[in-house]
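S.K.: Chains as they are written, first to last, in the working numbering: chain A, 1 to 291; chain B, 1 to 267.
To be clear, the hints were calculated from the coordinates, so they are not data collected in a lab. Glycine included, each C-beta is placed from N, C-alpha and C at the ideal position.
Simulated coverage check for chain B against chain A, where a stretch passes if three residues somewhere in it have a Cβ under 8 Å from a Cβ of chain A:
1. 82-88
2. 99-105
Facing chain B, from chain A, some residues (calculated, C-beta under 8 Å):
3. Val175
4. Ser177
5. Gly185
6. Leu186
7. Leu188
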Amino acid sequence: MSEREAAIVLQLRLPRVVLGLLVGAMLALAGGCYQGAFRNPLADPYLLGAAAGAGLAVTAVVAFRSGTTIGQLPSGVPLAAFGGALVAVALTYLLGVAGRDRSPASLILAGVAVSAFLAAGQTYLMQRNADDIRAIYSWLLGRLATNGWQEVRLLLPYAAVTAVVVLLLRRELDVLSVGDDEASGLGLHPQRSRYLLVAAASLGTAAAVSVSGLIGFVGIVVPHIVRMLAGTSYRAILPLSMLFGAAFLALADLAGRTFAAPAEIPIGVVTAFVGGPFFVLVLRTAKRVIM
Amino acid sequence: MTAIVVRDLHVTLGRAPILRGVSLTVDAGEWVTVIGPNGAGKSTLLRAVGGLLPAGDAVSLLGTPVARLRRRALARTVATVAQSPVVPPGMSVFDYVLLGRTPFVSPLGRESASDVAAVRSVLDRLDLSGFGDRELATLSGGERQRAFLARALAQEASLLLLDEPTSALDIGHQQEVLELVDTLRRDSGLTVLATMHDLSIAGGYADRLVLLSEGAVVASGTPREVLTEETLTRFYRARVRVVDSEDGPVVVPLRAGSDGSVAPQRF
Numbered sequence: 001m002s003e004r005e006a007a008i009v010l011q012l013r014l015p016r017v018v019l020g021l022l023v024g025a026m027l028a029l030a031g032g033c034y035q036g037a038f039r040n041p042l043a044d045p046y047l048l049g050a051a052a053g054a055g056l057a058v059t060a061v062v063a064f065r066s067g068t069t070i071g072q073l074p075s076g077v078p079l080a081a082f083g084g085a086l087v088a089v090a091l092t093y094l095l096g097v098a099g100r101d102r103s104p105a106s107l108i109l110a111g112v113a114v115s116a117f118l119a120a121g122q123t124y125l126m127q128r129n130a131d132d133i134r135a136i137y138s139w140l141l142g143r144l145a146t147n148g149w150q151e152v153r154l155l156l157p158y159a160a161v162t163a164v165v166v167l168l169l170r171r172e173l174d175v176l177s178v179g180d181d182e183a184s185g186l187g188l189h190p191q192r193s194r195y196l197l198v199a200a201a202s203l204g205t206a207a208a209v210s211v212s213g214l215i216g217f218v219g220i221v222v223p224h225i226v227r228m229l230a231g232t233s234y235r236a237i238l239p240l241s242m243l244f245g246a247a248f249l250a251l252a253d254l255a256g257r258t259f260a261a262p263a264e265i266p267i268g269v270v271t272a273f274v275g276g277p278f279f280v281l282v283l284r285t286a287k288r289v290i291m
Numbered sequence: 001m002t003a004i005v006v007r008d009l010h011v012t013l014g015r016a017p018i019l020r021g022v023s024l025t026v027d028a029g030e031w032v033t034v035i036g037p038n039g040a041g042k043s044t045l046l047r048a049v050g051g052l053l054p055a056g057d058a059v060s061l062l063g064t065p066v067a068r069l070r071r072r073a074l075a076r077t078v079a080t081v082a083q084s085p086v087v088p089p090g091m092s093v094f095d096y097v098l099l100g101r102t103p104f105v106s107p108l109g110r111e112s113a114s115d116v117a118a119v120r121s122v123l124d125r126l127d128l129s130g131f132g133d134r135e136l137a138t139l140s141g142g143e144r145q146r147a148f149l150a151r152a153l154a155q156e157a158s159l160l161l162l163d164e165p166t167s168a169l170d171i172g173h174q175q176e177v178l179e180l181v182d183t184l185r186r187d188s189g190l191t192v193l194a195t196m197h198d199l200s201i202a203g204g205y206a207d208r209l210v211l212l213s214e215g216a217v218v219a220s221g222t223p224r225e226v227l228t229e230e231t232l233t234r235f236y237r238a239r240v241r242v243v244d245s246e247d248g249p250v251v252v253p254l255r256a257g258s259d260g261s262v263a264p265q266r267f
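Turn these sequences into a full structure, and let the hints guide you.
M.R.: Now the structure itself:
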């Protein structure tokens with residue numbers, strides 16, 4: 001292998017695959033975690049507004065620090081995104097359970113409203129900063145393209161924290177499935193567990209969004225496929241979702257890079273193509289089980 | 001020894017006072033059933049005893065005020081079967097009963113072999129060993145009630161709270177479940193505090209009844225002392241006749257306008 005080929009593999013291809021694995025694992029883990037914490041089969045980083053909150057925060061950082069390109073994000077960006085994601089999920093949660101109707105659908109409708117509101121804020125910021133609009137736009141569609149390991153280095157610590165917290169607490173998600181009252185009777189502090197799990201999932205989402213933009217549907221498609229294969233215990237669902245999510249995104253990226261070569265289909269478009277129809281399927285079955 | 005002591009318990013939810021100074025005691029090994037009209041506060045009383053509502057020092061379990069017990073310690077002391085427990089979709093009976101071991105599993109750990117063994121023995125005792133792999137949601141009403149009971153027993157708590165344990169069951173399964181609870185109580189020395197709607201059944205299985213009305217105890221004692229025509233007429237606004245049988249008093253509802261004799265059925 002020539003030096004040039006080695007550089008292509010080590011500095012372009014490999015970091016891209018590793019980034020895809022990490023982002024896919026995070027989004028799928030966060031989706032599974034939200035579904036358990038909210039006892040809602042439709043919960044997902046996108047439908048809850050977490051991704052939109054993170055996206056707005058990242059856009060704001062780029063817009064207000066002119067000269068920053070998406071390629072070289074300052075290392076604090078995932079934390080800003082985390083703040084945005086937490087605010088968005090908190091808003092969704094407050095709006096979604098404030099009414100008397102506590103059906104899974106009302107939480108998701110609140111998430112859609114919050115997402116739309118935050119996306120509007122993001123569009124406004126982008127219009128105000130037309131110079132950065134192209135960069136932000138290509139990031140918005142989701143991208144794993146990278147020339148080096150900096151995104152992986154940026155994501156890795158946050159991903160590790162998220163994975164450790166969620167996987168350690170995964171038994172509590174099973175206990176939460178009997179409802180808060182009965183979970184309390186079994187010795188849990190359900191609200192405390194929920195806050196911790198949602199915060200961890202939002203951190204993972206935010207870190208993934210910071211480096212790769214908005215890649216939808218991984219968080220809902222993967223945990224549901226795992227559920228079909230491995231049953232309903234979160235102790236199996238969460239670790240398997242990480243593995244499946246990683247594989248799914250790496251393969252989706254491969255498809256996006258090769259189908260229209262030499263042009264690339266943005267990864268977010270590929271996952272939406274696969275995930276959109278799947279989501280409709282989940283909606284139909286979830287209606288039978290839950291609503 | 002007194003297992004449960006409730007002394008002057010007041011509970012207010014929102015602005016509505018639900019319990020206004022309830023006092024009762026349950027001796028170790030005793031079965032006490034709380035009866036009362038809808039909205040009397042029966043379920044709220046049970047939730048407060050189970051530590052699910054802040055009760056301060058008004059509720060003591062085995063000599064310790066509930067407020068001073070940590071959640072996990074509480075879950076090893078008292079086990080509750082809710083009125084209509086949540087049935088998690090897709091969960092197997094074994095996994096469901098295993099949730100009852102939660103107070104024994106360290107927060108970040110997993111169940112040990114002894115937890116699994118405890119679940120197996122509970123399933124055996126409740127005649128559910130063949131159901132372990134079945135999905136909880138596919139069980140019939142009576143089987144499901146046994147599974148709920150199994151989860152509570154897996155907590156190995158000596159106090160068992162049952163909120164309307166038989167309201168979803170036909171009369172045969174009601175008897176089956178209550179006989180089972182009574183057997184478990186005798187064999188394992190459980191103390192049972194239950195709420196129930198069916199007065200005759202309530203009287204047939206309890207050592208003592210406590211009648212709750214508008215958040216206060218208005219009568220308590222043996223079934224014969226509490227289930228009287230006068231008391232039931234007054235607090236339930238019901239027309240009933242109480243017939244004494246060898247198993248205790250039987251409450252027979254009467255049609256309007258009848259004067260103590262059972263009304264003929266109209267078609």
